[in-house]
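If you want the building blocks of each chain, they are given just below.
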Amino acid sequence: MSTAQTRVAMPRPWSAETQRPARNKVLRGIIKHAVLICFLLIMLYPLLWMVGASFRPGNQTFAGLGIFSDTYTAQNYADGWSVGNLNFSRYFVNSAIITVGAILGNLVACSLTAYAFARLEFRFKGVLFGLVIATMLLPQHVTLIPKYIIFNQMGWVNTYLPLVVPHWFAVDAFFVFLMVQFIRTLPKSLDESARIDGCGHWGIFWRIVLPMSLPAIGTTAMFTFVAAWNDLLGPLLYLPRSDLWTVSLGLNSFLDQTGQSTYGTLFAMATLSLAPIVGFFIASQRLLVEGIATTGLK
Amino acid sequence: MTITTVPEPVLAPSTTPRRRGGGRRGQGWAAFFFLIPWGAGIVLLTVGPMLYSLYLSFTSYDLLSAPEWVGLANYELMLADPRFWKSVRVTLVYVVVFVPLLQVVSMLVALLLNSRLRFLTGYRALFYLPSLMGASVAVAALWRQVFGAEGLVNAVLGVFGVEGVGSWVGDPNRALGTIIGLNLWAFGSTMIIYLAGLRQVPRELLEAAEVDGASRLRRFFSVTLPLMTPLAFFNVLMGTINAFQSFTGAYVVSGGTGGPVDSTLFYTLYLYERGFTQLQMGYASAMAWILLVVLAVVTGLFFRSSRYWVHYGDES
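If you're matching them up, the sequences are chains L and S in order.
In terms of numbering that gives the first Met the number 0, the first sequence opens at residue 0 and continues consecutively.
In terms of numbering that gives the first Met the number 0, the second sequence opens at residue 0 and continues consecutively.
There's no promise every hint is true.
Said to hold, decoys possible - Sample of chain L residues at the chain S side, in silico, Cβ under 10 Å: (1) L26; (2) G28; (3) F116; (4) L119; (5) E120; (6) V141; (7) W228; (8) N229; (9) L236; (10) L254; (11) L265; (12) T270.
Honestly, the hints are just simulated from the structure, not real lab data.
Ideal Cβ positions, reconstructed from N, Cα and C, are used throughout, including at glycine.
Given these sequences and hints, build the entire structure.
Next comes the structure, spelled out in structure tokens:
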């Protein structure tokens, strides 16, 4: 009832959009879509072409510019799975272990830290939070060499530990920052009522703040996943033994020994290495967009 | 890494007014326990190693024998090292070209997407996706093929009758360009921040400007752009810091060498080579500290400059 009235009562006569002929608007829409689709096609074409080429027989990898072909084969995938001295099934397991370890560490350590900064009052809070920001801006190369020396002396080279353990100490300050920003937007009244019901800080953190922070947690998990999965420098330093290699390292070494004839196999493994990223992205897209929308702008 | 959240550039958390009575008691202790992992990390994995690397930068150390104090020798060597200066130049060119280009492309696509568009979610997702892959070995490997002598780009050029272009990644004049392109390809995360910002621009402001007869372009430069400056501040700052540390793309595309003829010898690549191929930990640490100092100065100047060009919403 009142909606109809308001709609009548609040027209927007000054909007030029409504004055222009409708045809013009339709045309503009079509042009916009055309531009966007062209741009997307150019951007994504190399990827699609790679996926297409990975399903072609080895001698036709570079057969054409098209994505589709007459003959499809999964031979490249079978070949790539264990080619020469490389062993991709092993690399996928290694990457998965490291990635899961890194994600869990980041979620636990960063959310604990973020709760303290977002909800608790303590001395030197401003200074310490300044430290969080400072580490966020710190180039990782400053600690690269000493960390290597220390981990080396601890006998951690050729173990997953250097790639996992630091995440359990909230070294990725960016995620702390992200979660602090998010938790601050949550209403404090819930904390209060939980306190009255007898919850301590741990209870408030675990029962109230954490469940409500799901978008921020999802975003953190997603970014940690992508960073850990793609990481090359870390594995390059800490995992020289080939049975510990990650997918990134395996691909990189494959690339070094690839001639034109084995490109199909390389493309197959490259496609497989990107598949988890796409899968994760599709699964968490909703959560991500929410996380961006709420955390992004106060 | 890709970054997708936009903070307001606040430096300290807003401290809530102290409440009298219950609640505050014991918060210090609770905070202490919640901060144990982070605090240990700061001391053991950040500040400690930083100081250690500062010490190492004054030594000669090859991991095998004990570090030997050499004073400023590493820094003097560095100043006289043509490859060091080459890596500085490559990195600076990269940062100066890449970061502004990234902002322009991101903003243009965000503007295109910022309307009542059909399939908006789909477009947004597809533009965003490459930013998750830009730092992967798989895409860098693909890049090496696409911009190779017989790669996809030259094949497409051949269709248009352009022949004999040669390898892009193998040409010292063009190799850096391909790496800029590779990282630009991942503009989605920056774009999505601008898009989120554009959605927050109050309609009334734009409409008021329209009533006053401002053209579309004028409305963008006088209304939208000033409101975007806090986001631009964040994007440029993080973009610059990440660009200085860019590694994987250059490493994979150049096969770990920074070639051809050192044309893609990024600072971090040279640091890696000195430290972990030639085992000159002292020299590499000195390089790391120079990077830190330069970044600190750049960041400081950037924060200083912000008061002249970053607008916050409270002026209206």
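Verification of the hints:
Of the supplied interface hints, the one on L26(L) is violated, with its beta-carbon coming no nearer than about 14 Å to a beta-carbon of chain S, more than 10 Å. This hint holds: G28(L) has a C-beta 8 Å from the nearest C-beta of chain S, less than the 10 Å allowed. Taking 10 Å as the C-beta cut-off, the interface hint given for F116(L) holds, the closest approach to chain S being about 6 Å. Using the Cβ-Cβ criterion of 10 Å, the hint placing L119(L) at the interface with chain S is satisfied: the shortest such distance is roughly 4 Å.
Interface restraint check for E120(L): the shortest CB-CB distance to chain S comes to about 5 Å, inside 10 Å, so the restraint holds. Hint status for V141(L) relative to chain S: holds, with the closest Cβ pair at about 5 Å, below 10 Å. A cut of 10 Å between beta carbons decides the hint on W228(L): the least distance to chain S is about 8 Å, and the hint holds. Interface restraint check: N229(L) against chain S, minimum CB-CB distance 4 Å, threshold 10 Å, status holds.
Hint status for L236(L): holds, given a least beta-carbon distance of 6 Å to chain S, under 10 Å. Taken as an interface hint, L254(L) checks out: its beta carbon lies about 5 Å from the nearest beta carbon of chain S, inside 10 Å. A cut of 10 Å between beta carbons decides the hint on L265(L): the least distance to chain S is about 6 Å, and the hint holds. Evaluation of the T270(L) hint against chain S yields a held restraint, the C-beta minimum of about 8 Å falling below 10 Å.
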